[in-house]
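Peer 1: Sequence:
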Amino acid sequence: MDRGDILRMWLPLAAGLFAVCVAFLSGPGSRDTLRWIGFALALIGLAGVILARYTLGRSFSISPKAKGLVTRGIYSRIRNPIYVFSTILVAGIFLMIRNPYLWLILGALVCIQSIRARREARVLEAAFGEAYREYRKRTWF
1490 MDRGDILRMW LPLAAGLFAV CVAFLSGPGS RDTLRWIGFA LALIGLAGVI
1540 LARYTLGRSF SISPKAKGLV TRGIYSRIRN PIYVFSTILV AGIFLMIRNP
1590 YLWLILGALV CIQSIRARRE ARVLEAAFGE AYREYRKRTW F
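1490 is the number of the first residue of the sequence shown in this note's numbering; add one for each residue after it.
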């Protein structure tokens, strides 16, 4: 394991687990079924984000760049797993916090992620052409 692995996977995992646990333990309301469902969703979302980020490795970037076409691991099934699992993570946290206005933020987040996914798709299609189009045919979102 190198320093990059620590920064790409272990540090975000520790920070994410801390945030999810704080939301679970400190959020308003009782620890009922809804809170446990939110906790489970948040953990699943966090695990998916970390796995996707780790799989991307050095191909990860904040702005759309065509560093490489990653089609292995979770990317063999989902084109944008970071967006999918971050939505699950945020939904889980919002279930634990129980503020109905937060769902508006989640709606905005989904819209922003859809726009970003389309921009990334254009960059990747321009760089990888037919290989990217074939990849899109066999994957979801």
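Keep in mind that the hints were calculated from the coordinates and are not lab data.
What you are looking at is a predicted structure, and each value in this text was computed from that prediction instead of being measured.
Glycine included, every Cβ here is placed at the ideal spot set by N, Cα and C.
There may be inaccurate statements among the hints.
Now the in silico label distances, taken between C-beta atoms and shown as ranges [to be verified]:
no., residue 1, residue 2, range
1, 1586, 1496, 43 to 49 Å
2, 1611, 1587, 34 to 40 Å
3, 1526, 1596, 36 to 42 Å
4, 1518, 1546, 19 to 25 Å
5, 1560, 1500, 23 to 29 Å
6, 1625, 1501, 26 to 32 Å
7, 1605, 1526, 26 to 32 Å
8, 1615, 1589, 39 to 45 Å
Peer 1: Give a verdict on every hint.
Peer 2: Evaluation of the provided hints:
| no. | hint | in the structure |
| --- | --- | --- |
| 1 | 1586 <-> 1496: 43 to 49 Å | violated (28 Å) |
| 2 | 1611 <-> 1587: 34 to 40 Å | holds (38 Å) |
| 3 | 1526 <-> 1596: 36 to 42 Å | violated (20 Å) |
| 4 | 1518 <-> 1546: 19 to 25 Å | violated (39 Å) |
| 5 | 1560 <-> 1500: 23 to 29 Å | holds (26 Å) |
| 6 | 1625 <-> 1501: 26 to 32 Å | holds (27 Å) |
| 7 | 1605 <-> 1526: 26 to 32 Å | holds (28 Å) |
| 8 | 1615 <-> 1589: 39 to 45 Å | holds (41 Å) |
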